[in-house]
Amino acid sequence: MGDFEGKGQRLIALCMLGCILFNFPILALFNVPGSLFGVPLLYAYIFLAWALLIALMAWVVEKR
Amino acid sequence: MLLQGWVIVGTSFAYLGLLFAIAYYADQRADAGRSVIASPYVYSLSLAVYATAWTFYGSVGRAASDGVGFLPIYIGPTLMIALWWVVMRKIIRISKQNRITSLADFIASRYGKSALLGGAVTVIAVIGILPYISLQLKAVSNSFTIVLQYPWIIMPDKVDTGGEVMHDTALWVALILAAFTIAFGTRHLDAAEHHEGMVAAIAFESLVKLLAFLAVGAFVTFGIYNGFGDLFDRAAADPKLNAMLTPLEGVAGGYASWVWLTILSMMAIMFLPRQFQVTVIENTDEKHINKAIWLLPLYMLAINVFVLPIAFGGLLHFPEGNVDADTFVLTLPMAQKQELLVLLVFIGGLSAATGMVIVETIALSTMVCNDLVMPVLLRLRRLRLNQRSDLTGLLLGIRRGAIVGILLLGYLYFRLAGEAYALVSIGLISFAAVAQFAPAALGGIFWKGGTRRGALAGLCGGFAVWFYTLLLPALARSGWVPIGLMEQGPFGIALLKPLELFGLAGLDQITHAMIWSMLANIGAYVAVSLAGTPSADEHRQASLFVDVFRQGGEAGGARFWRGTASVPDLYNLLARFQGAAAAESAFADYARARGLRWPADTLIADAEFVHYVEVQLAGAIGAASARVMVASAVKEEALTLDEVRKILDEASEVVMYSHRLEQKSRELEAATAELRAANERLKELDRLKDDFLSTVTHELRTPLTSIRAFSEILNQDPDVDLAQRRKFLGIITKETERLTRIINQVLDLAKIEAGRAEWSEAPVDMRETISDTVSAMSQVFEEKNVRVETRLPDKVPPVKGDVDRIIQVMLNLLSNAVKFCDPADGRIAITLAEEGGSLRIDVRDNGPGVAAGDEHKIFDKFVQAGDTLTDKPQGSGLGLYISRHIVEHHGGRLWVQRRAEKGACFSFTLPLARPASAGRLAQAA
Numbered sequence: 001m002g003d004f005e006g007k008g009q010r011l012i013a014l015c016m017l018g019c020i021l022f023n024f025p026i027l028a029l030f031n032v033p034g035s036l037f038g039v040p041l042l043y044a045y046i047f048l049a050w051a052l053l054i055a056l057m058a059w060v061v062e063k064r
Numbered sequence: 001m002l003l004q005g006w007v008i009v010g011t012s013f014a015y016l017g018l019l020f021a022i023a024y025y026a027d028q029r030a031d032a033g034r035s036v037i038a039s040p041y042v043y044s045l046s047l048a049v050y051a052t053a054w055t056f057y058g059s060v061g062r063a064a065s066d067g068v069g070f071l072p073i074y075i076g077p078t079l080m081i082a083l084w085w086v087v088m089r090k091i092i093r094i095s096k097q098n099r100i101t102s103l104a105d106f107i108a109s110r111y112g113k114s115a116l117l118g119g120a121v122t123v124i125a126v127i128g129i130l131p132y133i134s135l136q137l138k139a140v141s142n143s144f145t146i147v148l149q150y151p152w153i154i155m156p157d158k159v160d161t162g163g164e165v166m167h168d169t170a171l172w173v174a175l176i177l178a179a180f181t182i183a184f185g186t187r188h189l190d191a192a193e194h195h196e197g198m199v200a201a202i203a204f205e206s207l208v209k210l211l212a213f214l215a216v217g218a219f220v221t222f223g224i225y226n227g228f229g230d231l232f233d234r235a236a237a238d239p240k241l242n243a244m245l246t247p248l249e250g251v252a253g254g255y256a257s258w259v260w261l262t263i264l265s266m267m268a269i270m271f272l273p274r275q276f277q278v279t280v281i282e283n284t285d286e287k288h289i290n291k292a293i294w295l296l297p298l299y300m301l302a303i304n305v306f307v308l309p310i311a312f313g314g315l316l317h318f319p320e321g322n323v324d325a326d327t328f329v330l331t332l333p334m335a336q337k338q339e340l341l342v343l344l345v346f347i348g349g350l351s352a353a354t355g356m357v358i359v360e361t362i363a364l365s366t367m368v369c370n371d372l373v374m375p376v377l378l379r380l381r382r383l384r385l386n387q388r389s390d391l392t393g394l395l396l397g398i399r400r401g402a403i404v405g406i407l408l409l410g411y412l413y414f415r416l417a418g419e420a421y422a423l424v425s426i427g428l429i430s431f432a433a434v435a436q437f438a439p440a441a442l443g444g445i446f447w448k449g450g451t452r453r454g455a456l457a458g459l460c461g462g463f464a465v466w467f468y469t470l471l472l473p474a475l476a477r478s479g480w481v482p483i484g485l486m487e488q489g490p491f492g493i494a495l496l497k498p499l500e501l502f503g504l505a506g507l508d509q510i511t512h513a514m515i516w517s518m519l520a521n522i523g524a525y526v527a528v529s530l531a532g533t534p535s536a537d538e539h540r541q542a543s544l545f546v547d548v549f550r551q552g553g554e555a556g557g558a559r560f561w562r563g564t565a566s567v568p569d570l571y572n573l574l575a576r577f578q579g580a581a582a583a584e585s586a587f588a589d590y591a592r593a594r595g596l597r598w599p600a601d602t603l604i605a606d607a608e609f610v611h612y613v614e615v616q617l618a619g620a621i622g623a624a625s626a627r628v629m630v631a632s633a634v635k636e637e638a639l640t641l642d643e644v645r646k647i648l649d650e651a652s653e654v655v656m657y658s659h660r661l662e663q664k665s666r667e668l669e670a671a672t673a674e675l676r677a678a679n680e681r682l683k684e685l686d687r688l689k690d691d692f693l694s695t696v697t698h699e700l701r702t703p704l705t706s707i708r709a710f711s712e713i714l715n716q717d718p719d720v721d722l723a724q725r726r727k728f729l730g731i732i733t734k735e736t737e738r739l740t741r742i743i744n745q746v747l748d749l750a751k752i753e754a755g756r757a758e759w760s761e762a763p764v765d766m767r768e769t770i771s772d773t774v775s776a777m778s779q780v781f782e783e784k785n786v787r788v789e790t791r792l793p794d795k796v797p798p799v800k801g802d803v804d805r806i807i808q809v810m811l812n813l814l815s816n817a818v819k820f821c822d823p824a825d826g827r828i829a830i831t832l833a834e835e836g837g838s839l840r841i842d843v844r845d846n847g848p849g850v851a852a853g854d855e856h857k858i859f860d861k862f863v864q865a866g867d868t869l870t871d872k873p874q875g876s877g878l879g880l881y882i883s884r885h886i887v888e889h890h891g892g893r894l895w896v897q898r899r900a901e902k903g904a905c906f907s908f909t910l911p912l913a914r915p916a917s918a919g920r921l922a923q924a925a
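Chains as they are written, first to last, in the working numbering: chain A, 1 to 64; chain B, 1 to 925.
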């Protein structure tokens, strides 16, 4: 049961992390002109942060 | 030319046929017990039914007007799904135990199996989802119309259809989809509402739409332009598009809108009827959630990567603005004359739309049948449904009718209000409607205090606000409601303007509606729940739902039933709704689980059995209806609220009692382990005591024997000469001394062990003590021919302690050194030094040294160095033990070092009497 609870808590923490990453004011930091590898900064940030969040979720869920 | 009318229609039907074949195959496999959908990957793909024509066509349209504004719809579910491990697992467990068949059933069941609540949820769901269905119809009919104009690119509203109903594509799409859904979802009645074939087909559709979208995205990004960089560079160069590159500031509502869209989609991924259907009802294994937690967000990420490139590509390619951005996915390949790609995109869009329509209407039709129509029909005594022998046909008929009805209503909404809005705006209206289920559903699984009235008040309040602030303006925009209502408010009251309720202005429509509807919904739910008291039924269901992980399986509900029933009555009841075969196998299953055979053995219609039948029945007609039916078949004695409370209290007492029991047994185990350890120690001590006794006895006997022998000689032989006599008497004296020493040590040990030793305290000069001890033992050194070397500093600060005891330690160490040092050329070195606030005394010998591993053992009681079997024991084995005790009592340390060269070095420290610094100062002065 301990493992179940640990997984749940880690996922809740990740949800909170996501709420912070995709919200004011962090979002505003990237809502400025500029680009990363030719992609506008805000778009690049959102997709990279999203991918990172998914990777972390996969890691938490699949880890034995 | 590839893109002709008959090719497109033919391909569409071929594709639908393929879906049907997949569904048929999956159903066959399921019947054979080798399910294809029992896989986390198929499950995750089926959840991607979330991505509809909205995603496929509409996201690009949204992106073309507000840049990243389309993304919260997919980021919200990513955040929500992280909570699924906690929330969704619970919902799935509850639903499986209670045979929940739909979202309406879930909410009705939670609040005392209330038929009224189930009906309300159904009505809200159907009305709320209509815009969403109309969105799919619009997308499919538009894409069809546009493709037909190939090679010209003309928007559907510019196409002359002649205005006849026969030429209305959307109507045809609605009817064909209705027929297809009926064939798909209502071929037979499944007791658990499982549609394995449908799920397999949906999973396949998810793959098709993803591949089609990725294909067109890659084509636009890398085929028309030279990758992301090139595309965005050109957009940046265009003054109109440049403004969209940091878009969050310009949009109405800005960050507030972003946040509310995220919250809205978090609710939608859980409570859209079709999501509830695939996630909960069609779930075959709770563990599949695991993979879905990251696969579904990954799917959404993948299908969104190319949205912005396509939107910018479209805006660059059609700068005049005569092409609707919602159609860029289709019109861009058309403009490039990529006929095959156009066809693939059309099929992809069809996949996205049909997937949504099929699952949504099946879920809604189940709700309409189980929670709206059946409860009413069953209550109408005139129909005498209670006496009808087989109702399966009636149930299927209701569902088929509901599917056709829902799709036609969707078409009606499309005609009334859908044409004026972009795809995403239509869909968001539906999202806001289903978000109204969140307080009652989530509150219901975590808060026992929520009541039926509270849920009903919250739902109705939230829905009313939604209707007033979202649906009414949508209808008004198309001219069906007087526009004055929007601009001046009802009866000219400006405070009640639907788009600026109570003067709340400056927000976008969805944010505005969400704020007010959630306020009304949650407020009413909590306030009404707290104001009233739950009934017995509500109490029972609340405990079954909230504590689902604490109760043991399906029998949980049986505790609450009391009454009398007969087995044939129950059998007939089940057979009427599920068919005789299903009833037969359900009864056989029940009997087998109890080690009986049916119908050979008699079953007892006890509470557990009646509950089992009710749960089975709930699978076919929903919990509320099942309750009514079972109540009609058995004579039930209603439980009063007090009785339910008592049962619940008893249950919680049992749980608490078992917790206490567990704790007690854990404590007991710990105590047992301690006892065992103590016993081991005792045994060890006992063994040591035995060893000690034999050692001491041996030690005592050796001197005694020699004393006796010499005394006898002296006694019996008077002729012994004087010299001889003296020698004998000397030996006797020495042996007596040895005897005394041993006895003293044993007594000392006893005192120390009992803590009764007497200690005196006075300043001790160690220089003097060492010199005294050495001179006291000089006789012994001489006898053994041992040279003693002392290295003492001129002056040392005194230590505080018992001088006799310290001498005892010195004597012991020295006599040990004498005993073990080299017999031929014995050397002993004694050094005294001041070392960090204490004095350190080293006693070295040049004997064999201490064997490796014995460094600690020799300080134990009764342990002697050397091989006790071959060597003659050289002491009592108490000296070092007592010495260490004495040194430690003085606050010092006694240890032995093994040295590289020959011999052992015993060292001990004694702390100085005064503070070290003061001592050093005195010395310096």
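Certain hints may be false.
[As the list claims (entries may be wrong)] With a straight-line cut-off of 30 angstroms between C-alpha atoms, the simulated DSS-like cross-links for lysine-lysine are:
{"hint": "1", "chain 1": "B", "residue 1": "K819", "chain 2": "B", "residue 2": "K784"}
{"hint": "2", "chain 1": "B", "residue 1": "K902", "chain 2": "A", "residue 2": "K63"}
{"hint": "3", "chain 1": "B", "residue 1": "K727", "chain 2": "B", "residue 2": "K784"}
{"hint": "4", "chain 1": "B", "residue 1": "K902", "chain 2": "B", "residue 2": "K784"}
{"hint": "5", "chain 1": "B", "residue 1": "K90", "chain 2": "B", "residue 2": "K337"}
{"hint": "6", "chain 1": "A", "residue 1": "K7", "chain 2": "B", "residue 2": "K857"}
{"hint": "7", "chain 1": "B", "residue 1": "K337", "chain 2": "B", "residue 2": "K240"}
{"hint": "8", "chain 1": "B", "residue 1": "K291", "chain 2": "A", "residue 2": "K63"}
{"hint": "9", "chain 1": "A", "residue 1": "K7", "chain 2": "B", "residue 2": "K90"}
{"hint": "10", "chain 1": "B", "residue 1": "K784", "chain 2": "A", "residue 2": "K7"}
{"hint": "11", "chain 1": "A", "residue 1": "K63", "chain 2": "B", "residue 2": "K819"}
{"hint": "12", "chain 1": "B", "residue 1": "K751", "chain 2": "B", "residue 2": "K857"}
{"hint": "13", "chain 1": "B", "residue 1": "K727", "chain 2": "B", "residue 2": "K857"}
{"hint": "14", "chain 1": "B", "residue 1": "K287", "chain 2": "A", "residue 2": "K7"}
{"hint": "15", "chain 1": "A", "residue 1": "K63", "chain 2": "B", "residue 2": "K784"}
{"hint": "16", "chain 1": "B", "residue 1": "K751", "chain 2": "A", "residue 2": "K7"}
[To be verified] Pulled a few chain A residues facing chain B out of the computed Cβ check, cut under 8 angstroms:
{"hint": "17", "residue": "G6"}
{"hint": "18", "residue": "L11"}
{"hint": "19", "residue": "G18"}
{"hint": "20", "residue": "N23"}
{"hint": "21", "residue": "F24"}
{"hint": "22", "residue": "F37"}
{"hint": "23", "residue": "G38"}
{"hint": "24", "residue": "V39"}
No wet-lab data here; the hints were simulated from the structure. The model shown is predicted, which means the values in this text are computed figures rather than measured ones. Where a beta carbon is used, it is the ideal one built from N, C-alpha and C, also for glycine.
Hint check results:
1. B:K819 / B:K784: OK: B:K819 and B:K784 at ~9 angstroms, within 30 angstroms.
2. B:K902 / A:K63: violated, 58 angstroms
3. B:K727 / B:K784: holds, 18 angstroms
4. B:K902 / B:K784: holds, 19 angstroms
5. B:K90 / B:K337: violated, 51 angstroms
6. A:K7 / B:K857: Measuring from Cα to Cα gives roughly 49 angstroms; hence the hint is violated.
7. B:K337 / B:K240: holds, 27 angstroms
8. B:K291 / A:K63: Holds, at about 12 angstroms.
9. A:K7 / B:K90: holds, 15 angstroms
10. B:K784 / A:K7: violated, 75 angstroms
11. A:K63 / B:K819: violated, 65 angstroms
12. B:K751 / B:K857: The given pair, whose Cα atoms are some 22 angstroms apart, holds under the 30 angstroms limit.
13. B:K727 / B:K857: Not satisfied, since the Cα-Cα distance of roughly 39 angstroms exceeds 30 angstroms.
14. B:K287 / A:K7: holds, 13 angstroms
15. A:K63 / B:K784: Since the Cα atoms of A:K63 and B:K784 sit roughly 73 angstroms apart, the hinted pair is violated (cutoff 30 angstroms).
16. B:K751 / A:K7: violated, 59 angstroms
17. G6: violated, 11 angstroms
18. L11: At 5 angstroms from the nearest chain B Cβ, A:L11 passes the 8 angstroms test, so the hint holds.
19. G18: holds, 4 angstroms
20. N23: Holds. Min distance 6 angstroms.
21. F24: At about 4 angstroms, which falls below the 8 angstroms cut-off, the nearest Cβ of chain B leaves the hint on A:F24 intact, so it holds.
22. F37: It holds, given that the least Cβ distance between A:F37 and chain B is near 7 angstroms, below 8 angstroms.
23. G38: This interface hint holds because 3 angstroms falls under the 8 angstroms limit.
24. V39: holds, 5 angstroms
This entry does not satisfy hints 2, 5, 6, 10, 11, 13, 15, 16, 17, going by the numbered hints stated previously.
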